[in-house]
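The residues making up each chain are set out below.
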Amino acid sequence: MRDISLHLSDIVQNSITAGAARVDIGFRLDDRKVLTVSVQDDGCGMSRELLERVRSPFTTTRTTRKVGLGIPLLMQNAQLSGGDVRIDSTVGVGTKIEATFHTDSIDCLPVGDLAETMATLVLTNPDRPDFSLSCVSPEGEMQFATDEIRAALSGVSLAEPEVYQWILSSLREEIEPILGGIMK
Amino acid sequence: MKSLAELEQIRKQTLERINLRKEDKADLTRIVVGMATCGIAAGARPVMHAFMDEVNKRQLQHVTISQTGCIGMCRLEPMVDVITPDGNKVTYVHVKPEMVSRIVAEHVVNGRPVEEYTIGAAEDR
Numbered sequence: 000m001r002d003i004s005l006h007l008s009d010i011v012q013n014s015i016t017a018g019a020a021r022v023d024i025g026f027r028l029d030d031r032k033v034l035t036v037s038v039q040d041d042g043c044g045m046s047r048e049l050l051e052r053v054r055s056p057f058t059t060t061r062t063t064r065k066v067g068l069g070i071p072l073l074m075q076n077a078q079l080s081g082g083d084v085r086i087d088s089t090v091g092v093g094t095k096i097e098a099t100f101h102t103d104s105i106d107c108l109p110v111g112d113l114a115e116t117m118a119t120l121v122l123t124n125p126d127r128p129d130f131s132l133s134c135v136s137p138e139g140e141m142q143f144a145t146d147e148i149r150a151a152l153s154g155v156s157l158a159e160p161e162v163y164q165w166i167l168s169s170l171r172e173e174i175e176p177i178l179g180g181i182m183k
Numbered sequence: 000m001k002s003l004a005e006l007e008q009i010r011k012q013t014l015e016r017i018n019l020r021k022e023d024k025a026d027l028t029r030i031v032v033g034m035a036t037c038g039i040a041a042g043a044r045p046v047m048h049a050f051m052d053e054v055n056k057r058q059l060q061h062v063t064i065s066q067t068g069c070i071g072m073c074r075l076e077p078m079v080d081v082i083t084p085d086g087n088k089v090t091y092v093h094v095k096p097e098m099v100s101r102i103v104a105e106h107v108v109n110g111r112p113v114e115e116y117t118i119g120a121a122e123d124r
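Order-wise, the sequence lines are chains A and B. All the letters of the first sequence, read from the start, carry residue numbers 0 to 183 under numbering that gives the first Met the number 0. All the letters of the second sequence, read from the start, carry residue numbers 0 to 124 under numbering that gives the first Met the number 0.
It cannot be assumed that every hint is accurate.
To be verified - Far from chain A by the CB rule (all over 10 Å, computed), these chain B residues:
#1 Glu5
#2 Glu7
#3 Asp26
#4 Ile82
#5 Gly86
#6 Lys88
#7 Asn109
#8 Gly110
#9 Arg111
Stated by the list, open to error - DEER-style ranges, computed between Cβ atoms:
#10 B:Lys56 with A:Arg31: 28 to 36 Å
#11 B:Ala120 with A:Lys183: 20 to 28 Å
#12 A:Arg47 with B:Ala25: 48 to 56 Å
#13 A:Ile86 with B:Gly68: 17 to 25 Å
What the hints contain is simulated information worked out from the structure, not anything from laboratory work. Nothing here was measured: the structure is a model prediction, and the numbers come from that model. Using N, Cα and C, we set each Cβ at its ideal position, and we do this for glycine too.
Model the full assembly from the supplied sequences, consistent with the hints where possible.
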């Protein structure tokens with residue numbers, strides 16, 4: 000993966016496969032330049048046994064083949080920067096995955112086009128789940144939530160092209176001042 | 000978030016458009032982008048965005064864009080299926096954002112698949 004946003008596209012897919020109704024995404028950059036990316040869902044969760052082997056590239060819930068590289072690739076890139084990945088999960092409650100990146104490391108990936116990633120996630124999952132995004136840095140913070148947008152649109156699908164463009168441009172505008180320094 | 004009032008405007012415009020579209024659902028063309036780990040790593044997201052952009056620019060009413068998982072030919076990602084109203088499916092491989100406007104113009108709008116981008120052409124090479 001070339002940037003952290005691409006990892007996000009990938010990891011969120013796990014939440015969707017787990018049947019989540021809500022996926023809360025956070026990007027938090029602290030004053031020591033450590034970026035914490037979190038994805039929390041209310042999907043089916045993982046058993047202790049699955050949780051123990053979920054970091055292995057040879058673990059997958061797919062039945063069509065035997066490898067699953069989403070989490071291993073995320074771990075590799077987080078660890079290259081000096082960070083790590085933490086996963087907490089409870090069956091029937093949900094899963095939280097948290098990756099830390101030391102953004103001052105030469106090996107740290109850029110955040111990438113987070114706005115396009117979020118807009119694409121909403122576009123391709125217009126009915127379920129509801130997404131929220133919160134970005135926090137010493138420069139400020141922003142919040143985004145599809146449940147509010149869904150309510151305002153009452154009946155119009157989030158996959159309509161005009162809605163996609165609106166979400167994309169509003170996210171671009173709001174994310175840039177907060178994470179601008181580490182996006183490219 | 001940007002003002003939610005703008006969404007009300009979008010809602011009104013879109014509702015009018017949707018009503019037009021509902022009358023002939025049989026005319027729908029589907030564009031499906033592979034977005035599993037392999038597709039995303041190979042650059043599927045900008046491709047998805049390019050299709051959205053092009054459909055928006057041309058104001059195409061009878062096109063839906065969606066995603067699918069990995070179909071097992073990861074070496075050919077990013078892959079895109081175009082399913083036309085006649086039920087025919089054409090699979091494009093190694094799709095880049097620059098290729099999208101041609102696929103939309105020639106295939107989605109005019110019904111002629113872009114042979115050189117298809118999986119058939121790639122496998123012959």
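Results for each hint:
Separation of Glu5 (chain B) from chain A is inadequate, the least Cβ-Cβ distance of about 7 Å not exceeding the 10 Å criterion. In this structure Glu7 (chain B) is not separated from chain A by more than 10 Å, as the shortest Cβ-Cβ distance comes to only about 7 Å. Residue-level check passed: Asp26 (chain B) sits 17 Å from the nearest beta carbon of chain A, beyond 10 Å. Every CB of chain A is more than 10 Å from the CB of Ile82 (chain B) (nearest about 16 Å), matching its label as outside the interface.
Once the 10 Å rule is applied to beta carbons, Gly86 (chain B) is consistent with being away from chain A; the minimum gap is 22 Å. Residue-level check passed: Lys88 (chain B) sits 19 Å from the nearest beta carbon of chain A, beyond 10 Å. The beta carbon of Asn109 (chain B) sits about 20 Å from the closest Cβ of chain A, which is more than 10 Å, so the claim that it is off the interface holds. Against chain A, the non-interface label of Gly110 (chain B) holds: every CB pair exceeds 10 Å, the least being about 21 Å.
At the 10 Å boundary, the C-beta of Arg111 (chain B) stays outside the reach of chain A, the nearest C-beta of that chain being 24 Å off. The supplied range of 28 to 36 Å is broken by Lys56 (chain B) and Arg31 (chain A), whose beta-carbon atoms lie about 44 Å from each other. A beta carbon spacing of about 35 Å between Ala120 (chain B) and Lys183 (chain A) contradicts the range 20 to 28 Å that was offered as a hint. The given range of 48 to 56 Å is respected by Arg47 (chain A) and Ala25 (chain B), whose C-beta atoms sit roughly 50 Å from each other.
Checked against the hint of 17 to 25 Å, the pair Ile86 (chain A) and Gly68 (chain B) passes, with Cβ atoms roughly 21 Å apart.
In this structure, the hints that do not hold are numbers 1, 2, 10, 11, in rising order.
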